[in-house]
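**Q** The residues making up each chain are set out below.
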Amino acid sequence: MVTLTHYLALSAILFGIGAVGFLVRRNALIVFMCVELMLNAAGLAFVAASRYRGLLEGQLTVFFVLTVAAAEVAVGLALMVAIFRTKKTTNVDELSSLRG
Amino acid sequence: MGALFEWSWLIIAFPLLGFLINLISTGQTRERTVGVVASMAAAASFGMSVLVFAALLARPPEARLVEVSLYRWAIVPPLTAEVGLRIDPLSTAMALIVTLVGTLIHVYSIGYMAGDPHIRRFFMFLNLFLASMLLLVLADNFLVLFVGWELVGLCSYLLIGFWFEVPYNAWAGRKAFIVNRIGDFGFTLGLLLLFWTFGTFRYGPIFEAVEHRAVEAGVVTLITLLLFAGVTGKSAQIPLYVWLPDAMAGPTPVSALIHAATMVTAGVYLIARAHPLFAMAPFVQGVVTLIGAVTALWAALIAVGQFDIKRVLAFSTISQLGYMVAAAGAGAVGAAIFHLGTHAFFKALLFLGAGSVIHALEHAHRHPGDPSPFDPNDMRRMGGLAQRMPLTFWTYGIGAAALAGLPPLAGFWSKDEILISLRGIGGWATLAYGLLLGAAFLTAFYMTRQVGMVFAGSPRSHAAAHAHESPAVMTVPLGIFAFFSVVAGWINAPGLGALSAWLEPEHPPVFHPEQALLATLIALAGIGAAWAIYRPQAWPEGVEDPLRPVLRGFFTALTRKLYVDELYDFLFVRPFEKVARGVAEVVEPYGIDGAVNGLARLVQSAAGRVRRWSSGYVRQYGLSVLIGAVLLMFYILWMLR
Amino acid sequence: MASFPILTWMLLLPLIGALVILGIPRERVGTIRWVALGTSLGVLALGLGLLSGFDLSQPGPQFVHHWDWAPSIGAAYRVGVDGISLWLVLLTALIFPLALMASWSIEERVKEYMTLMLLLETGVLGVFLALDLLLFYVFWEFTLVPMTLLIGIWGGPRRIYAAIKFFLYTMAGSVFMLVAIVALWLLSRPLTGTGTFDPVWMAAHLSPLLSPAAQRWLFLAFGLAFAIKVPMWPFHSWLPDAHVEAPTAGSVILAALLLKMGAYGFLRFNFSLFPVAARDLAVPLALLAVVAILYGALASYAQDDFKRLVAFSSVSHMGFVMLGLSALNPLGVQAALLQMINHGLSTGGLFLLVGMLYERTHTRDFRELGGLWKVLPVYGGILMVVGLSSMGLPGLNGFVGEFLILLGAFGSAALGPAARGLTAAAALGVVLAAIYILTMLMRVLHGPLQDRWRGLPDLHVRELAIMAPLLVLIILIGLYPLPFFAAMQTSIQQSLSVFTQATLAVR
Amino acid sequence: MLWWPLLPTLILTAGALGLLLVEAFRRPGSASGMAWGALGITALTLGAVGALVGHQEIEGLYRMVRWDPPAFWLSLTILIGTGLAILLSRHYLADQGMERGEYYVFLLLAAAGMLLMAVAADLLIVFLALEWLSFPLYVLAGFARPRLESEEAALKYFLLGAFASAFLVFGIALIFAGTGLTNLSDLAAWLKHPDPGAQPLVWMGGALLLVALGFKVAAVPFHLWTPDVYEGAPTPVTGFMAAATKTAAVAALIRVFLVGLGPAVALWSGPVALMAAGTMLVGNGVALMQSNFKRLMAYSSIAHAGYLLMGLLGDPALAVPGLMFYLLAYTLATMGAFAVAVGMVGPEGEDQSFRAYTGVARRAPGIGTAMALFMLSLIGVPPTAGFFAKLLLFAAAWQAGWIALVMVGILTTVISAYFYLRVVVAMWMGPGEPARLPKSDLWVRLSVALTGVGTLLLGVLWLMFGGLSL
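Residue numbers (the working numbering), protein chains in the order written: chain A, 72 to 171; chain B, 4 to 644; chain C, 63 to 569; chain D, 1153 to 1622.
Since the hints were made in silico from the structure, they are not lab data.
Here the structure is a predicted model, which means the values were calculated and not measured.
Check before you lean on any hint, since a few could be wrong.
[Said to hold, decoys possible] With the Cβ distance kept under 10 Å, some of the chain A side facing chain D (calculated, not the full set):
no.: 1; residue: His77
no.: 2; residue: Phe93
no.: 3; residue: Val95
no.: 4; residue: Cys105
no.: 5; residue: Ala113
no.: 6; residue: Gly114
no.: 7; residue: Ala119
no.: 8; residue: Ala120
no.: 9; residue: Arg124
no.: 10; residue: Gly129
no.: 11; residue: Ala149
no.: 12; residue: Leu150
no.: 13; residue: Leu169
Quick reminder that beta carbons are idealized off the backbone N, C-alpha and C, glycines included.
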C-alpha cells in the first residue's frame, strides 16, 4: 500500500538530492537544475497531498510552482548567458570576487 | 569699651587691606611705597591689637573673654559654621607678639629687599601671611583656625619659593607645604572626629563639654593625638621637622618672621588653645612632651654640625619649639607661651642679624665682580666680622646669649620656667626634663660655635674681609629686638609674673634657685666647651671645623643632618614616586585602559574570524543555508521526541 | 512667572542661535562668533532671571513647563529646576560663554564649531532640566554627538581615537540605563495604562513595589551609565584621552559640565528611585570613590603632560563628589553638590589655563616648561589661585566642598562602620592633591626660564575676561558658601528624606 | 469578493506594464521621462494606500489577501523606499551609462510584489509575492552588466534565492500535506487544536519557511548572500533591496509567524531568538571589519534583521507597532545613506571605500550632517527616529521576557556605534581635502533632504500623533 508518507518520503529524498547537488556541482546550469529538482520535489508533495486529501488546491498550486519555475528559468538562463559573455565560464567557483 | 571688640576684626583686616592695595596697585608703584604700605598695615594691626589688649586688660580677670561673631559661613545640618573671633588673654597675647614682630620685620624688609624686582609680591605675601596668622590666632573655632593654619602654610610656601628661578627654592617651598599637609592629614581627621564628637567646632561649647566630662576620654585621646599630628608638621617636630631647614631658602626676613617667630609656633598655640582637651588625655600629653623633648635634643645635636648660618638657626628653632611643645604637652601653657614670646624676639633678632651678615657679604662679594659661585650663608667663609659689623655683632651676641639661656636675658627666664614645670610630675616628664637639660648644653654650644665662626678670628673670604655694617633700616630693628631679647623675660620673672597672671592667674610662676643655678651652669659649660674648641687660637688654619677631628665620622653624620632626609627619601619619597609611576605607566595603560582596549581587540579578532565565513563561494553559502535548515530539522525532531 | 516658560526658552535659545548661524555665510567668522557668544550670554541672562525668581523654601521643582507630547506611551516634556539642578544649570549657563570666548582662537570650520557648541549647550541644559526619564535620556545621549564631533574634528593628534572611545564608552553605559528606563516604563504600564516616565511618580508609587533585588539591578543599570560619565574608577580610562585630545573649550565643558551629569544622575535618579539599593550599595560606591580619589591623584602626579595631569585630577576630584553622595546624609550630599560646582570652576579654569598656555608655547610637556611665572606674572598668579582651589586650600571654594564631604562621610550612617576608614583614606587624597598640584605649579611656573619662552606675552583682555568670573566665584564660594548651600538645602533634604523613613529603617 | 486589498499592487503593476509599453516604443535617449513616469505611478499608488488608511480590516480574494493597519504601514514604507530609489536612480543610470528604461519597470514590478506581500493572508500569496518581488531584483542586481561584480552579484542572488524559495515551496507543501490548509488564519485556528499525527509535518514545514524567510530577511546563518549582492548591485538597487526588500521580508515573517504560526510561538521562539542573537552579533561584528560603504551597509542590513527578529518575539501589543515604525525609520536612514553614497558616484566610476569619503564634510557640510544623522539613527541615538524604533523593540522583547536577547541587542548596539561612526569619522574628521565631492543632482539632494528631515523628526512626530495607538 503506497501511502502519503511514501510520497512525502520520495519528495523529501528528491529535495535532498537537489540540495546536495546544489552544493557539489560547479556548473551554474547544473546547480540551477538542482534547484528545479527541489521545486519539483515540492510539487510532488503538493500533488500527493492534494490527492490524499481530495482537495484541488494542491494540484492548482503545482501550476503556480511550475509557472514560477519557468519564469525563473527565463531569468536564470539570461543571467548565465550574460555572465558567460563576460567571463567565458559558468563555473560558480570562479565567481567569487565579492567576499569578506 | 564693648564696642571696641566689635571692631577687633580690624586686626586681621589691616594686613589684608595692605595685601589688596598692593595687589591692585599697578606695577608702576615705587617699591618704597609698597614696603611702606605693607609696614603701615602691619603697624595698624599692631595698634589695634594693643587697643584690644588694653580693653581686655581693663576688664576683671574672670570677664576676659569676648566672642565676636562676624558672619555665618555655612549652615548644612548638622553643621552651623560661623566665622567668629575669640578675644581672650591667650589670643591677644599671641596677636601682640605676632603683630609686633611682624611690624618690625616688615620695616626691616624694606631695607633687606630693596632692589628686588618682585618686592611688591614679597610684601603682598607678607601682609597676607600676617592676616592669616592673625586669623589663626583670633579664631573662635577650630574650623577657622584650620583655615588660618592652611593659609599661613600657603604664605610660607610662597615665600620660601620667593626666588623661584632657583630650582632648590621652589623645591624647598613645595617640600614645606607637602610635609605640612601630611601633618594636616591628621589634623583634618582630628577635626572630623572632633565635630562628630562634640557637634560643633566652637571652642566654647567644646571646652564646656570637656569640663563636664560629657565625652569619653578615649575619643578625646584620639582627637588630641590627631591634632598633634598637625602640630608636628607646623611646629616642625619629629617626625615632620624636615621641611624647616630647607625653608631657609626663603629671604631671611621670612625666616625670621614665619619660620622662627610666628607661624611655626602655631602648633604650640594649638596645644595651648586646646589645652582642656589635652588635659583630658594624659597619654597624649606624655607623647607630646616626650616628642617635644626628643626633638629639642635631636635638633640641637644636628645644629652643631651645620655650616649654613641660617640652618644652624633653623635647627635651633626646631629645638626651641621642642621646648615649647614639651611644656605645652605637660600642661604648662603659661611657660610654653612665655618661651614662645621670648623666643620670637631673640630668634627674630638672630635671623635678622644673620640676614644682616648675609646682606653684607652679598654686597661685599658683588663689588669686586667675582663671578665665582659664592654662598653668603656659609659660615666657613666668614670670620672676623665683629670689627666690621659691630652693631650686628653686639645685637647678635645678645640674641645668642638669650638663646643660650644666660641670666638675666629673656631665654633664661622662659627656659627656666619650662624646666621647672617638668619637675615633680615624674615618669616621662622626668625623662623629658633630662633631655631638655642636654639640649640646653648643646644650645649654648652651637650658638657659641656660630658666634665664633662668624664674628671671631680673621676673615676667611674676600667678601668677609670687605663686609660693611648694614643700613639703619635694618640695624634699628636689630636694636629694638635686642632690647626685647633682654627685657622680654622680665615680664614673667618671679615676683612680677605679669604674663602668667594674664594667661593663667591660678598658676603664678615659681622660681627655684637651684634650678636657675643648674641651668646657668649648663649654659656656661656649653659656652666654655665650644669656646675651647672654636676660639681663634685653637682653630688651625685651613681646617674646616675643629670639631671634626674630635667627633670624626659622627661629625659628618651631623653635617648630613643625621641622614634623616635620606631615610625619608628611601622610605617614602621614592616608593611614592614608584607607586605613582606604576599607576600611571603600568596599571593605567596595561591594566585598566588595557582591559578596555583588549576588549575592543577581542571583538575585532572574533569578528575577523567570523568574516572568513563570507568566502565568496556560492556553494558554501548554500551549505550554510542547508546547515541552518538541518539544524532546524534536528530541533524539530528533538521537540518531537 | 508661570506664563513665561523660561526654562523652555533656555533650551530653545541655543537652538535658535544655531539656526541663525547656519544662515550666516561661513566666511563671516566674526559674526558667527558673536552670534554664538551673544546666544550663550542670553542663556546666562535667563539663568540669572531664574536665580532671582527662585524660591528657596520650596523643595520641589520650580518654573515647571509641562506638555504630554506622547500620550500613547506616557512620555512628557517636563522641565523644571529645583535646588539640586539650580546651580548646575547656572554653571552651564556660565561656562558656555566662557568656553565660547576661549574658542576665539578656533579658525577652522568656525560655523560648524559654533553650531555644535550651541547644540551641546541645549543638550547639557536639557539633562539638568528634564523631569521625565525619556526626555532625560534623549538629552543625555544628545550631548554625546556634538562632544564627539568637537573632539574628533578640532582635537589633537589622536583625536579620532579619543572621540570614538568617548562615544563608545559612554554609550556602553547609557544603553544599560536605557534598558532600565524601559523596564521601569513597562512596570508602570499596568499601573497607569499607558505607562509613564515620570521619576517623581515612580519614586512614590513604583519603587516601593520593587523587590530589593530588582532595585539593585536597576540601580546598577542606571549607575553604570552615570559611573562611566562621572567617571568612577575603574571606568575612567576614556577621560584622559578625551580631555587631552579635545580642544580647550571641549575639555572645559567636558570637565565642568559633562562629568557633572553623571553625579547629578546618581543624585536625581538612583537615590530617589532605588533608595533601598542606594543604601545597600553605599559602601561599595564609597569604596570605588575612594579608590578613584587615590588612584587619580597618584596617576596625576606621574604625568608629564599638563592636560593629562588635570584630567587625572578630575578623576580624583569626582571621587570626592561620589564619596559625598554615597554618604547619603545632608552634609555629604550638599557638599558633593557644591563640590560639583567647585570642580566645574577650578578644573574648568585649569583647562582654560592649559589652553592659554598651549596657545603660547605649543607644548604641554612639563619637561619643556618651567620658570614661566617670570614672564607671565598674571597668568602665574591666576594659575596659582585656581590650582590652590583645586587642591582644596581653605579660603577658596575647593576646601568647602572637600572638607564638608569628608565631614559628611565621616559621620555617615549609610556607610556604617566603614565610614571612618573610608574617610581617612579619602583625606589622604587631600595630601596627594597637594603633591601633584604643587609639583605642577613648580614644573610650570618655577625654576629657571628657558630662553625660548622669554618673549611670551602675558594674558590679554579677552583671556582675563574669561578667568575673572571664575576667580570671583572661586573666592566667593570659599569665603561665603552660605547662599550656595541655602539654595539647595530644602530640595536635598526632601530627596534624602526617603533614607530616614521608617520603611527603609526596618529593613 | 473584494479586490480592495490588492488595489495598490494592481495599480503599480498596471503602471509598470504601461511603462514597459512606453519603453518599447520610445525613442532611445534619456530615460528621465521613464523616471518621472515611475515616480508618478508610485505617487498614485501611495494615494491608493492613503485612501485605504481608514479601513481597519478588509479581506479579499477568497481570504487570500487582507488589508489591515500593518498592511498600511508596510505598504507605505515600501512605497517610500521605492520612490526614493527612483529618485536616486536617474542620475546614477546616466552616469554609469546604463540608462535603460526597463530599469524602472523592474523596480516597480518588484515593488508590486512587495505590496502583495504586505497584504498576504495565504501561504500561496506569500510564495507568489516572494517570487514576484525576487525576479525583478535578480535582474536589477545584474543591471550594471557587463560589470562583472554586478553580474556575479546577480547570479549569486539568483541561485541562492532560488535555492531558498525551494525551501519555501517545500515547507508550504509539508504544511498543506499535514493540514490541507494554506490560509494563514485557518492554519492558526488549526494549530490551536492540532491533529497530533499531522503536527510533525506542520512543524517541519514551519521550519523550512523559517529558512526561506530567514534568507530573505538576511538572518544568520542564511545571510551570506547579502554583502556580496549589496556590493555588486547598482547602488540605488542596493538601497532599494536594503530598505524595501527588508520590509517585504519582515511582512512575510509577520504574516507567516505572527499570524499563521502564532499559536505555535513556543515552538519557534527558541530558534528565532537564537537566529536573532546570532544575526545581531554577526552582522554588527563583521561590519567592524568593512572598509567599503556598500558592504558595510549590507552588514548593517543583516544586523538590523537581528533587531527585527527580536521584535518578532516581543509582546505583540508593542512589537507590531514597533516593527512597523522600525521599518519606516530604517528605510529612511538606509535610503538616506544610500542617497549620499549615490551622490558620491560620478561619471568616472564608483568607489565606495571609506577613502573616497574622507574629508567630504569639510566641503559639503550639509551632506555630512545628513550622513551623520542617518548613521546616528541606525545606531539608535536620540532624538532620531532610529532611537524610538529601537526603544519600542527593546521594550517589546523585555516585556515578553527576552531579557538576554535585549542584552545582546544593546551590546551589539554599542558595537554598531563603532562602524557607523567610522563613516562619520571619515567624512568629518578625515585629514586633508576630499578626493571628490558629492554631485549636485537635484533628485539626489532632494532624497537626502527628505530622508534627513524624516530621520530627525519622524520619531517625535510619530509618537506625538498617536504612536502606539496608530
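**Q** Each hint: holds or not?
**A** Hint check results:
The beta carbon of histidine 77(A) comes no nearer than 12 Å to any beta carbon in chain D, farther than 10 Å, and the hint placing it at the interface is violated. Satisfaction of the interface hint for phenylalanine 93(A) is found here, the shortest Cβ-Cβ separation to chain D being roughly 6 Å, below the 10 Å cut-off. For valine 95(A), the interface hint is violated, the least distance from its beta-carbon to any beta-carbon of chain D being 13 Å, above 10 Å. Hint status for cysteine 105(A): holds, given a least beta-carbon distance of 8 Å to chain D, under 10 Å.
Restraint check, alanine 113(A) versus chain D: the minimum CB separation of about 4 Å is within 10 Å; hint holds. Here the hint on glycine 114(A) is kept, as its CB sits about 8 Å from the closest CB of chain D, short of 10 Å. A cut of 10 Å between beta carbons decides the hint on alanine 119(A): the least distance to chain D is about 7 Å, and the hint holds. With a cut of 10 Å, the hint placing alanine 120(A) at the interface with chain D holds, because the nearest CB-to-CB distance is about 4 Å.
Hint status for arginine 124(A) relative to chain D: holds, with the closest Cβ pair at about 4 Å, below 10 Å. For glycine 129(A), the shortest C-beta to C-beta distance to chain D is roughly 6 Å, which falls under 10 Å, so the interface hint holds. Because the closest C-beta pair between alanine 149(A) and chain D is about 8 Å apart, less than 10 Å, the hint holds. This hint holds: leucine 150(A) has a C-beta 5 Å from the nearest C-beta of chain D, less than the 10 Å allowed.
Among the interface hints, the one on leucine 169(A) holds; its C-beta lies about 4 Å from the nearest C-beta in chain D, closer than the 10 Å criterion.
Figure legend: structure checked against the earlier numbered hints; hints not met, in rising order: 1, 3.
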